[in-house]
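Enquirer: Line by line, the protein sequences are chains A and B. Reading the first sequence from the start, the letters are residues 1 to 296 in the working numbering. Reading the second sequence from the start, the letters are residues 1 to 199 in the working numbering.
Wrong hints could be hidden among the right ones.
As the list claims (entries may be wrong) - Computed footprint of chain A on chain B; a stretch qualifies when at least three of its residues, placed anywhere within it, have a C-beta under 8 Å from a C-beta of chain A:
| id | segment |
| --- | --- |
| 1 | 7-20 |
| 2 | 55-65 |
| 3 | 72-83 |
| 4 | 162-174 |
In short, the hints are calculated from the structure, not lab data. Ideal placement from N, C-alpha and C gives every residue a C-beta, glycine not left out.
The primary structure of each chain is shown beneath.
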Amino acid sequence: MDFLRPASWEDALAAKAEHPTAVPIAGGTDVMVEINFDHRRPEYLLDLNRVGDLYEWEVGEESVRLGASVPYTRIMENLRAELPGLALASHTVASPQIRNRGGVGGNLGTASPAGDAHPALLAAGAEVEAESVRGTRRIPIDAFYTGVKRNALAPDELIRAVHIKKADGPQQYSKVGTRNAMVIAVCAFGLALHPQSRTVRTGIGSAAPTPVRAKTAEEFLNAALEEGGFWDNGKIIAPSVAKQFADLCAAACNPIDDVRGTASYRRHAVGVMARRTLTWTWESYRGPRRTAKGAA
Amino acid sequence: MRVNFTVNGRPQEADDVWEGESLLYVLRERLGLPGSKNACEQGECGSCTVRLDGVPVCSCLVAAGQAEGRDIVTVEGLADHAKQRAGHSGCGTGSCGPADASASLDGADGRPTRGTDSHTGEGTELAPIQQAFIDAGAVQCGFCTPGLLVAADEMLERNPNPSDADIREALSGNLCRCTGYEKIMDAVRLAAARQGEAV
Numbered sequence: 001m002d003f004l005r006p007a008s009w010e011d012a013l014a015a016k017a018e019h020p021t022a023v024p025i026a027g028g029t030d031v032m033v034e035i036n037f038d039h040r041r042p043e044y045l046l047d048l049n050r051v052g053d054l055y056e057w058e059v060g061e062e063s064v065r066l067g068a069s070v071p072y073t074r075i076m077e078n079l080r081a082e083l084p085g086l087a088l089a090s091h092t093v094a095s096p097q098i099r100n101r102g103g104v105g106g107n108l109g110t111a112s113p114a115g116d117a118h119p120a121l122l123a124a125g126a127e128v129e130a131e132s133v134r135g136t137r138r139i140p141i142d143a144f145y146t147g148v149k150r151n152a153l154a155p156d157e158l159i160r161a162v163h164i165k166k167a168d169g170p171q172q173y174s175k176v177g178t179r180n181a182m183v184i185a186v187c188a189f190g191l192a193l194h195p196q197s198r199t200v201r202t203g204i205g206s207a208a209p210t211p212v213r214a215k216t217a218e219e220f221l222n223a224a225l226e227e228g229g230f231w232d233n234g235k236i237i238a239p240s241v242a243k244q245f246a247d248l249c250a251a252a253c254n255p256i257d258d259v260r261g262t263a264s265y266r267r268h269a270v271g272v273m274a275r276r277t278l279t280w281t282w283e284s285y286r287g288p289r290r291t292a293k294g295a296a
Numbered sequence: 001m002r003v004n005f006t007v008n009g010r011p012q013e014a015d016d017v018w019e020g021e022s023l024l025y026v027l028r029e030r031l032g033l034p035g036s037k038n039a040c041e042q043g044e045c046g047s048c049t050v051r052l053d054g055v056p057v058c059s060c061l062v063a064a065g066q067a068e069g070r071d072i073v074t075v076e077g078l079a080d081h082a083k084q085r086a087g088h089s090g091c092g093t094g095s096c097g098p099a100d101a102s103a104s105l106d107g108a109d110g111r112p113t114r115g116t117d118s119h120t121g122e123g124t125e126l127a128p129i130q131q132a133f134i135d136a137g138a139v140q141c142g143f144c145t146p147g148l149l150v151a152a153d154e155m156l157e158r159n160p161n162p163s164d165a166d167i168r169e170a171l172s173g174n175l176c177r178c179t180g181y182e183k184i185m186d187a188v189r190l191a192a193a194r195q196g197e198a199v
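For reference, chain A alone in the conformation it holds in the complex (with noise of 0.2 Å):
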């Protein structure tokens, strides 16, 4: 094994395009497992632990540019306005040891289906930063995950950052396991809601094969809102409306039996967190409404 330690983020570049089967390190929190317990033995090892530029983030206008790096802790510390959805769901990830090594770079590369923050990117709306000698590109966040624990990286190409739309609204994240701490998502689920657009986007985790949207109860709920003018009027949501909804968030779900949780639990939990995400956002969305009039 080798032990490659880039000094910069150009040297990185290099060193993933002379050795394309490198294994970046950087948390450690999956990798070192890995290694630990004998389930892999890299020829490279990448370390990333010296690439400064990689523990960055830049609020823009529009969007948050998080570098791959940022640990979790950061994130639930500095960007709880920006990124609620995902500050919530940095905040389940397993201990405080971990949040301080972990980052959502680590969860992309690894794509895991339980990964803790990928239900909060879908539902805010991302891009992923992937770079390599040949250049730049921005990936879609639903186009990043391409199967268990594959992405749609390049060999060559490494994460430089995510960019994650601004909240334009109020967010939630909710997450089964057995505790609050050191849990692996039985299953997870995040949802936000995009009043500039009037719309609602929602992100499942460790319920199908990769991270996935309940497209299809997106566009149920989308509709129901546009058509009873909830956006303007701010009414409660309908039981029935919130019910057909969870439903089908379920029906989203492709989830398997396995040590953590049956797949018919899996469904059932995915369908009750989408009923309460959906509340809570939408209570809190309604609340400055009643007394601001109208505001926006």
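Go by the hints and put chain B onto chain A.
Expert: Only chain B this time, still in chain A's reference frame:
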């Protein structure tokens, strides 16, 4: 490969480190610092918690090469670390310098050995959090204790007046299978109260 880093305030050099080796392995097996415990090797239990540039991390998940040039504090260095924090005056006496009993003595093979009294604890000055764990009876089998001490000490540094929820969250990555959590909570509350009195 060779790794150079600072451990408990002293420059250290580890040779013949395998590229896939963890920081935990280097600390325990190459530097003779067995305080950080090896239990789950997957970041689940927190027994191997150390400070990496001040931040609590699971040393089993840090590749040794990633520690190059960085600053590590282990449970063996906790007393010195707490003393330095408590007041810079303490260092004027030289008691937290390299002459300290917990950070001296090179072995006959040239390898540094550390923690003079790691078997008995006698003659070693303790950090307030360590004393509080003893006084509160928070140590049972002791395997989780070093990680809990490092995590709790860091929380008290950040948050001198923690609520119970703060303590639970800060220690949520540290498992105690003797299930002694109530005494551990007592110990951290005790350390916080004593810290408050001292100010």
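Enquirer: Compare the structure with each hint and give your call.
Expert: Now the hints, each set against the structure:
1. By the rule of at least three residues with a Cβ nearer than 8 Å to a Cβ of chain A, the coverage given for the segment 7-20 of chain B holds, with 3 such residues.
2. Three residues within the 8 Å Cβ limit are the bar, and the segment 55-65 of chain B against chain A gives 9, so the coverage statement holds.
3. Residues of the segment 72-83 of chain B with a Cβ under 8 Å from some Cβ of chain A number 0, which does not satisfy the need for three, so the listed coverage is violated.
4. Proximity of the segment 162-174 of chain B to chain A, defined as three or more residues with a beta carbon under 8 Å from a beta carbon of that chain, is established by the 5 residues found.
Violated hint for the displayed structure: number 3, the only one.
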